[in-house]
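Participant: Each chain, letter by letter, is given below.
Number of protein chains: 2
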Amino acid sequence: MPFRFEILKTDPTTKARAGLLHTPHGVIETPVFMPVGTLGSVKGMTQDALEELGAQIILGNTYHLYLRPGHELIRDLGGLHKFISWPRAILTDSGGFQVFSLSKLRKIEEQGVTFRSHLDGSAHFFSPESTVDIQNALGSDIQMQLDECTPYPVSHEAARKSMELSVRWAARAKNAWLTTPDNPSTLFPIVQGSMFADLRQESAERLVELDLPGYAIGGLSVGEPRPLTFDMVAATEPHLPPEKPRYVMGVGMPEEIPEYVAQGVDMMDCVLPTRNARNGMLFTSAGRMHIGNARYARDQKPPDEKCACSVCRRYTRAYLRHLFHSGEMLAGVLNTIHNLFFYLDGMRRMRGAILAGEFSRYRNEISHRDTENTEENKNT
Amino acid sequence: MPFRFEILKTDPTTKARAGLLHTPHGVIETPVFMPVGTLGSVKGMTQDALEELGAQIILGNTYHLYLRPGHELIRDLGGLHKFISWPRAILTDSGGFQVFSLSKLRKIEEQGVTFRSHLDGSAHFFSPESTVDIQNALGSDIQMQLDECTPYPVSHEAARKSMELSVRWAARAKNAWLTTPDNPSTLFPIVQGSMFADLRQESAERLVELDLPGYAIGGLSVGEPRPLTFDMVAATEPHLPPEKPRYVMGVGMPEEIPEYVAQGVDMMDCVLPTRNARNGMLFTSAGRMHIGNARYARDQKPPDEKCACSVCRRYTRAYLRHLFHSGEMLAGVLNTIHNLFFYLDGMRRMRGAILAGEFSRYRNEISHRDTENTEENKNT
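Residue numbers (the working numbering), protein chains in the order written: chain P, 15 to 394; chain V, 15 to 394.
Okay, chain P solo, but in the shape it has when bound (with noise of 0.2 Å):
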């Protein structure tokens, strides 16, 4: 197989720890950050531009390619790297979270779920061996298990109900992955529970017994109150197998980052940076900052004094609260480069702190940075 997760340093202190994870499309040095690339594009971002980078993964979202421009066709020329011309490593998810949050009248049962498209209200069904299929035919490096995205809050007896759902599911899927020899697309399963740490723990137990390549933890992020949501990937993380890669999906922002490796966690995912970004929220060393803000008009610094991607080399605070008001593409494309830097270049940062064994004092580092409204306060 080539999937291989290697260990390279444990911090002495925290459970953070620096690794490789062979992929057939290259090697990923972990802890990572995944740009999110929905349809097949991270959004203003050329593949090249990801490349210089230096991103080694990014998402698809199943959902999505699956409805446009549909797995078969991305199969048919050659699956989903090739679709886009993108040879590193591509994870994708398995649609349950869109199924969830983006479509309508979906329903329920074992077998799996009915849902109508969000673009033209057609209908489809999505099971666990189905949603392995697509992920087959899209050609992914690691793909995930069909889920139930529990919605927050929820009861206890709810939540273990689908709890054990998602861990049916995932048994099926598994099955289903199994059946293609030599697959070279990794399935990792996905811990649910809600915000119960007995169901958490509960599910991850069942999940190692399939003994899979790696495990995710999903169901977070979904509204509750952040430190519930440390809380609930340190009850799950001593039931995960050490030895291999943890994914948290859907966070986080950069100042939670150092928490979640310092829990153990291998990668991570989510659309801020590049959402944010087309909204105008520039992350940055001294904090967040809003560049439409009327204060920027005529500052003539870099958006980041300390960051060393090419907008802040080349760009002022001024032109890009000018692009952003004026409602250039540009914003978005120059805000999202700046972004992505900023949370790939804080990722290879915190990895090189954990082997160089300075991982406490890095994460004390960002976890002191002022991150709110710094623009009221600092940038002026």
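Check each hint, because a few of them may be wrong.
It does not matter which identical chain is used: a pair holds within one copy or between any two.
As the list claims (entries may be wrong) - Listed next, the in silico SDA-like pairs over lysine to any residue satisfying Cα-Cα at most 20 Å (straight line):
1. Lys57 - Gly294
2. Lys96 - Arg312
3. Lys188 - His78
4. Lys121 - Ser136
5. Lys57 - Asn293
6. Lys57 - Gly341
7. Lys188 - Pro198
8. Lys188 - Arg18
9. Lys175 - Gly126
10. Lys315 - His36
11. Lys315 - Glu372
FYI, nobody ran anything at the bench for these hints, they're computed from the structure.
Take the given structure of chain P and dock chain V to it, following the hints.
Facilitator: Frame of chain P; chain V shown alone:
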């Protein structure tokens, strides 16, 4: 004066010439096509990408930049080159065309034009003197006089009246321009006269008396049949000084460019490559193609099989079709890169042909290209 035009070679059988236009921000190889950067950004293009394409000069629109972010802000921040981080040359129009095409309730008088902003309805006034002041504030390398854009069609009498106003405004613009000693920005007047050869001749002759460093031909591509456009350029050219650059404003389609050059035109600009890109229309060596067409859904060829641009080297028609169909930002970005490369590369080839004494052969090749509806006939 840093502004200087140098003719390197004149075609023996047409009026085409290859030259060098020396400006305070670099030397421009002519004939040149200038990408349009309305609001200080060529839509969807980073400045890095524009440099990679070999763009030596871009346009800025005085009307738009005056309204947003304002010429005084740009002057205070060091001028347009610094504001947008573009070290190469910039040409600005006078805003006249936008006043006549975008704004409401405009009122033309001898003194100038009163108009309302298309953004917020606020009242503004442009005079030949104020638009020189604004363009001085922007610091463009080449600025244009304020002219009245004569509507089409129009009577001979109305065209004469309008042309004469533009000529008087040119003289006032020159006087305003001369009040800045050693003004690094060069002023071009604009020949008008609608579709009347006698008025074009009279306009040219009266403007030549002003002895300015270059001459524009305006009021074309306003809805008239294309042969008439060429006739008007042909009617104007003999009355312009051969040693000075000639700029035909707002043209043209790729197959028309050599026709203007054959008439002795050195400079052109047009929104076609950029605007059409955003609408999914690609210019290729095999003609125009609408990338959204269903026939491209599974087409793994590059957009243009003879093109060496970064898009054609990396992506397929199927992927570009998917991006366009899905409304992804990357569709506009990639289509724009391709179309601008197609224009700029075409200019480089044409200039090489002039220098090699092979312009007529080049022109003949371009004119025999199928340009219309090729996707219906050939790209299958």
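Participant: Pop the pair Lys57 and Asn293 into one bin, within, between, both or neither, using alpha-carbon distances up to 20 Å.
Facilitator: both (12 Å within a copy, 18 Å between copies)
Participant: Should Lys57 paired with Gly294 be assigned to within, between, both, or neither, using CA atoms and 20 Å as the limit?
Facilitator: The answer is both: 14 Å in one copy and 17 Å across copies each meet 20 Å.
Participant: I want to check one pair: Lys96 and Arg312. Are their C-alpha atoms no more than 20 Å apart within a copy, between two copies, both, or neither?
Facilitator: The answer is between: 12 Å across copies meets 20 Å, while 44 Å in one copy does not.
Participant: Go through the copies and call it for Lys315 and His36: within, between, both or neither, with a Cα cutoff of 20 Å.
Facilitator: For Lys315 and His36, neither the intra-copy (40 Å) nor the inter-copy (31 Å) Cα distance is at most 20 Å.
Participant: If the cut is 20 Å between Cα atoms, do Lys188 and Arg18 qualify within a copy, between copies, both or neither?
Facilitator: within (18 Å within a copy, 73 Å between copies)
Participant: At 20 Å max between alpha carbons, let me know whether Lys57 reaches Gly341 within a copy, between copies, both or neither.
Facilitator: both (16 Å within a copy, 10 Å between copies)
Participant: Since the copies are identical, ignore which copy is meant and state whether Lys315 and Glu372 lie within 20 Å (CA to CA) inside a copy, between copies, both or neither.
Facilitator: Cα proximity of Lys315 and Glu372: none, with 31 Å in one copy and 50 Å across.
Participant: Are the CA atoms of Lys188 and His78 at most 20 Å apart within a copy, between copies, both, or neither?
Facilitator: neither (23 Å within a copy, 59 Å between copies)
Participant: When no copy is named, should Lys188 and Pro198 be tagged within, between, both, or neither for a Cα gap of at most 20 Å?
Facilitator: Within. Shortest intra-copy distance 14 Å satisfies the 20 Å Cα cut-off; inter-copy 71 Å does not.
Participant: How would you label the pair Lys121, Ser136 (within, between, both, or neither) given a Cα cut-off of 20 Å?
Facilitator: within (14 Å within a copy, 54 Å between copies)
Participant: As a check of your reading, is Lys175 near Gly126 (CA-CA no more than 20 Å) within one copy, between copies, both or neither?
Facilitator: Only inside one copy: Lys175 and Gly126 sit 15 Å apart there, 76 Å across copies, limit 20 Å.
In terms of the numbered hints stated before, the structure departs from hints 3, 10 and 11, listed from lowest to highest.
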